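Engineer: Same order as they appear, the protein sequences are chains A and B. First residue of the first sequence? That's 1 in the UniProt record's numbering, and the numbers climb one at a time after it. First residue of the second sequence? That's 1 in the UniProt record's numbering, and the numbers climb one at a time after it.
The set of hints was computed from the structure by calculation and includes no laboratory data. Computed from a predicted structure; not experimentally measured. Each residue gets a CB set at the ideal place from its N, CA and C atoms; glycine is no exception. Wrong hints could be hidden among the right ones.
[Stated by the list, open to error] Between beta-carbon pairs, the in silico distance windows are:
{"#": "1", "chain 1": "A", "residue 1": "112", "chain 2": "B", "residue 2": "84", "range": "50 to 60 Å"}
{"#": "2", "chain 1": "A", "residue 1": "186", "chain 2": "B", "residue 2": "97", "range": "53 to 63 Å"}
{"#": "3", "chain 1": "A", "residue 1": "387", "chain 2": "B", "residue 2": "79", "range": "28 to 38 Å"}
{"#": "4", "chain 1": "B", "residue 1": "74", "chain 2": "A", "residue 2": "227", "range": "30 to 40 Å"}
{"#": "5", "chain 1": "A", "residue 1": "104", "chain 2": "B", "residue 2": "133", "range": "21 to 31 Å"}
[What the hints assert, rightly or not] With a straight-line Cα cutoff of 25 Å, these simulated SDA-like cross-link-like pairs (lysine to any residue) come out:
{"#": "6", "chain 1": "A", "residue 1": "217", "chain 2": "B", "residue 2": "20"}
{"#": "7", "chain 1": "A", "residue 1": "217", "chain 2": "B", "residue 2": "11"}
{"#": "8", "chain 1": "A", "residue 1": "217", "chain 2": "B", "residue 2": "210"}
{"#": "9", "chain 1": "A", "residue 1": "249", "chain 2": "B", "residue 2": "10"}
{"#": "10", "chain 1": "A", "residue 1": "249", "chain 2": "B", "residue 2": "6"}
{"#": "11", "chain 1": "A", "residue 1": "249", "chain 2": "B", "residue 2": "24"}
{"#": "12", "chain 1": "A", "residue 1": "217", "chain 2": "B", "residue 2": "24"}
{"#": "13", "chain 1": "A", "residue 1": "217", "chain 2": "B", "residue 2": "2"}
{"#": "14", "chain 1": "A", "residue 1": "217", "chain 2": "B", "residue 2": "51"}
{"#": "15", "chain 1": "A", "residue 1": "249", "chain 2": "B", "residue 2": "2"}
{"#": "16", "chain 1": "A", "residue 1": "217", "chain 2": "B", "residue 2": "6"}
{"#": "17", "chain 1": "A", "residue 1": "217", "chain 2": "A", "residue 2": "285"}
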Amino acid sequence: MTMAGRHTDARAPIVRRASVPARGPRPAEELAEELGPGPFALVMLFASPEADLVRLAGQAARIFTGARLVGCTTAGEISRAGYDEDTIVAVALPASHFGAETLTIPDLSRLEPRDLTTAVVRAREALAQDHPAFAHEFAMLLVDGLSVKEDELASALATGLGSMPLFGGSAGDGTRFRQTLIMDGDRLLRNAAVLSFVRSACPVRIFNLDHLVPTAKRMVVTLAEPRRRIVRRINDEPAAREYARLLGKDGQQLTPFTFAAHPLAVRMGGRHHVRAIQQVAPNGDLLFFCAIDEGVVLTVAEPQDLALHLERELDRLGDPAQPAAILAFDCILRRLEAQEKQLTGRVSDILRRHGVTGFSTYGEQLGAMHVNHTMTGIAFYPPGTALPEDG
Amino acid sequence: MARISDWLIDPADTQERTVEKLLTVTEVLMRQVEQASGERGAAYEQFRRAALLEDRVRQRTRDLEYALRLLGETNGRLATAKRTAERAQRDLANAIEAVQEGFALFDEADTLRLYNSRFCRDMPDVRQSLRAGMPFSEYVELVSLSAALALPPGQARRDWVAARMQRHHDRQVFNVALAGDRWLQVSAQRINGGGTVMFQTDVTDIIRLERIERGKMLDDQARIIRATLEHINQGVCVFDAGLRLVGWNQRLAQLLDVPAAVLRQGTGFDSLHRRFGHDSVYDEHLSFEALSVWAHGNGPRPPLSFEIRRPSGVILDGFAQETPEGGFVISFSDVTRERLAVQAMLRANASLEARVAARTLDLEAALADAERANASRVRFVAAASHDLLQPLSAAKLFVASVRDDAQNPQTRSPLEKALNALVSVEGILHALLDISRLEVGESAVEVVPVRLAPLLAQLTDEFAPVAAGKGLRLTILPCRLTVASDPAYLRRILQNLIGNAIRYTRTGRVLVGPRRIGGNVRIEVHDTGPGIAREDQQAIFREFHRLDGSASASEGMGLGLAIVERACALLNHRLSLASEPGRGTSFSVEMGLVASRALHPDVMAAIADEPRDGSNRIALLVGSDPDLRRDIGLLLERRAIAVWEVGSGEEALALLDEIGIVPDFYLVDHESDHQSGTGMRCVETVLALRDRHGDRPTCILTADPACGTWAVGIGCMRKPVDAAALDAFLASVASMPARP
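Using the sequences provided together with the hints, build the complete structure.
Structural biologist: Next comes the structure, spelled out in structure tokens:
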């Protein structure tokens with residue numbers, strides 16, 4: 001996106017966005033000021049774990065009366081500056097063009113798919129009745145990134161959502177992996193998710209980018225602890241050591257940057273899905289960001305040039321019209337890779353130029369799937385834009 | 001590296017270790033394939049399934065949702081339709097309720113579907129039982145049982161129901177009487193689909209108003225009737241069915257001579273009848289008792305006429321007639337005067353008839369006298385004419401001889417005039433003779449087929465010179481038709497008509513044209529003469545009538561048209577005249593046509609054109625015109641007759657004296673002496689020849705029909721000479737004895 005385009009957005013933005021330092025005195029007020037006049041259907045807050053989440057939620061709930069308020073902690077934000085840190089990013093959908101409904105899923109360890117489906121269907125119907133004039137719709141999921149329940153949740157939600165496309169992001173905690181929080185109104189929840197249903201006058205396009213190419217290097221998980229997403233042994237060897245052997249590395253040298261540079265994926269039906277490693281346990285186990293099981297064949301994938309790929313893909317979103325805004329949930333591993341390869345500046349520039357807002361996640365959801373190492377998001381187009389039916 | 005499993009093997013491992021690893025790997029793979037990891041791998045399984053099926057599931061889901069949405073829309077439309085129907089039902093109910101009349105709708109099965117609150121409002125007992133779905137018959141039954149219904153007098157409830165059901169099948173409007181002098185107008189109308197819509201309107205007020213109006217109207221009518229009754233010259237009394245007097249006029253009291261007090265409302269018929277009946281005389285057709293019986297009669301009374309005579313002598317004509325209400329009207333007219341007049345007329349009639357009979361007898365006698373007188377007149381005229389002709393001929397001869405002897409022109413001129421006068425008298429006598437013959441009747445005529453061609457040709461020859469002499473153009477059109485007529489009289493008719501035309505026409509022309517009209521032939525004679533005024537057109541047919549008083553006697557005796565008329569009447573030829581003063585005159589004679597093939601063979605022979613053998617005959621031909629002599633000579637010679645031609649009477653006498661032979665017949669040209677101006681006149685020649693050489697058949701050739709030669713008993717032949725006429729003459733000659 002060009003500078004001129006951004007100015008146009010600033011003057012008559014369909015989707016409002018703002019960002020403030022995480023530790024400012026009145027972040028919510030400042031955000032409200034920057035977002036401009038409401039009313040809003042939905043306000044999203046993506047906050048650095050450094051922010052005072054409790055105060056933020058309380059203030060925001062008071063300020064954005066009448067709007068649905070959702071949010072989560074991040075592993076880094078994407079603001080007007082591109083990759084950003086220690087900030088609170090806000091995205092607001094004005095009621096003039098959007099209608100929103102939210103559903104809280106409070107305890108992910110006790111998912112009842114049937115109840116969930118019922119609740120989702122009701123929420124969708126209520127939204128459709130309230131806003132019959134808005135032809136376009138989508139669902140946005142914010143989920144605790146350390147709940148290890150994203151796969152089951154996404155799968156359970158799919159039934160109820162039906163044709164309503166879903167995208168989502170797992171809340172992050174920097175690179176600490178200790179606590180991720182979900183904001184639902186003025187409440188902060190752990191081990192929970194909040195699902196936003198949105199109808200809009202704006203055509204939308206949900207996208208999912210990954211720049212990885214699988215290699216011939218394969219391995220088999222021979223011992224795992226699926227509930228905790230832990231792989232203990234690969235090829236009947238300690239998992240970390242065997243992963244390192246295939247990369248030609250020493251088992252002791254493995255860092256998040258290694259995982260970012262050499263992601264693992266599973267191949268299914270001609271496609272590949274990244275199974276990202278979160279960290280190496282001291283005992284040599286590998287802890288994953290997503291569901292894993294014994295007998296799974298893992299393939300080592302090699303990333304392409306992140307910046308080039310991103311630029312190309314975001315450019316493609318500009319066809320047939322420039323999006324009014326792009327909301328993106330970007331995997332923490334991509335940020336780490338850019339950092340490792342010293343591409344952060346370039347990537348930030350690309351994000352800035354394309355008007356991307358969002359945050360870095362511990363995982364992304366697309367439809368019924370929980371995936372890693374992708375940028376998953378939504379592009380909003382001006383009302384009346386005719387989009388090719390792209391499934 | 002060729003196998004995807006190559007990377008499973010760590011080259012640093014021993015063989016045993018490698019085998020052990022591979023077995024382990026194989027085991028987990030097999031377990032994974034068999035999905036034996038159980039609950040432990042549920043999350044991954046979900047991911048795997050989502051990854052594999054996501055697209056297909058989403059597509060199916062989208063299709064399902066689409067179907068659901070359609071279903072939803074259809075449901076929505078159904079709901080809308082249902083709401084619309086309900087609203088329509090509601091609107092209909094409201095509309096029906098808004099109707100001011102009672103309204104009910106029966107469906108095609110004749111059951112009550114809808115009705116408003118005003119329907120049957122005046123019949124509370126019916127109203128109570130009304131319900132949707134009630135059959136029409138039940139409704140009618142209910143109404144018939146209603147206390148509010150006033151059944152028409154004399155109609156049973158059952159009959160009312162039957163009539164109402166019958167009426168239901170027709171579309172109509174009718175009134176129903178309700179108790180308490182209330183009226184309901186019911187308008188039933190069939191609608192599309194077979195249902196019936198019924199409106200009930202309370203028309204009580206209208207009917208009451210109408211009743212008042214009608215009462216008013218009746219009052220008016222009564223006044224008018226009263227005035228009319230008083231106006232008319234008849235006495236009128238009106239009785240109701242109970243034989244009570246309900247109407248009369250003052251004239252009645254006068255005529256019947258009853259006190260006015262007797263005439264009052266309610267007076268019984270018998271009482272009134274006795275009043276005027278006891279002293280009246282009834283005619284033979286109807287007695288006092290008969291009138292009473294009629295008045296008291298039960299059934300329909302036939303109209304009745306009667307006559308009574310009052311003691312005062314007044315005769316009254318009574319006429320009694322039943323009124324529709326069962327009463328009757330009797331009117332009386334004073335016919336005294338008419339009766340007297342009739343009697344007087346009857347008397348007059350009788351005397352008149354007697355007088356007429358007497359007169360008729362007188363007239364019959366007079367008519368017989370007249371007929372006798374007429375017959376004797378005709379006989380007298382015929383006899384007189386005939387008897388007069390002989391001495392007249394002698395007188396002529398004497399005068400002629402004296403004239404011829406007279407040398408002195410002064411003496412000769414009066415003699416000449418005297419001779420002419422005698423010739424005229426002779427002509428008149430001949431005409432009179434003709435007329436008398438015609439008046440004798442049909443016995444005198446013989447109707448035969450007559451060919452017009454020779455006849456017209458003869459007429460042409462005869463009249464052409466006369467017309468030319470007057471400077472007139474005469475045209476006689478030829479005709480090949482044959483008619484039914486008497487040849488001699490037809491010739492006379494045409495001669496007279498053509499002669500008259502030429503005589504009275506000073507300039508211009510005369511046209512004779514036969515014309516075929518259907519089965520008749522009409523011969524028309526037109527001239528450009530002075531014409532005949534309408535008032536004179538009858539008179540001209542009278543004897544001795546002449547239009548042109550100045551015409552000399554030699555030009556006609558005024559008998560021509562009288563002869564024409566009588567001849568036509570006798571021959572049954574239609575004679576007509578069309579004329580206008582100054583525009584000429586046109587006579588026409590119409591006679592029957594005879595088809596030429598129907599000609600009688602004898603007649604054909606008699607007038608055959610072919611020459612006949614006349615051998616051994618000698619003709620003496622006297623004529624001053626050499627051309628004429630030559631032509632006739634040729635005709636005769638062709639018939640093998642010897643011809644002695646001479647130029648004058650003197651030459652003829654000289655020739656006969658010289659040769660001493662008497663010819664078989666004489667032909668003398670009438671004009672021979674006229675042209676010379678001197679010498680013997682033709683008649684004289686003939687008389688001289690007969691005198692000296694004996695009476696031989698003689699024929700004078702003449703162009704002048706009025707020449708009078710025939711009057712002295714000499715036959716004549718019209719010029720130019722027609723071969724047929726010549727043959728006819730020769731035939732008559734042949735029948736006579738040959739010359740001595």
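Engineer: In ascending order, which of the hints set out earlier in this document are inconsistent with the structure?
Structural biologist: Going through the list in order, the structure violates hints 1, 4, 5, 8 and respects the others.
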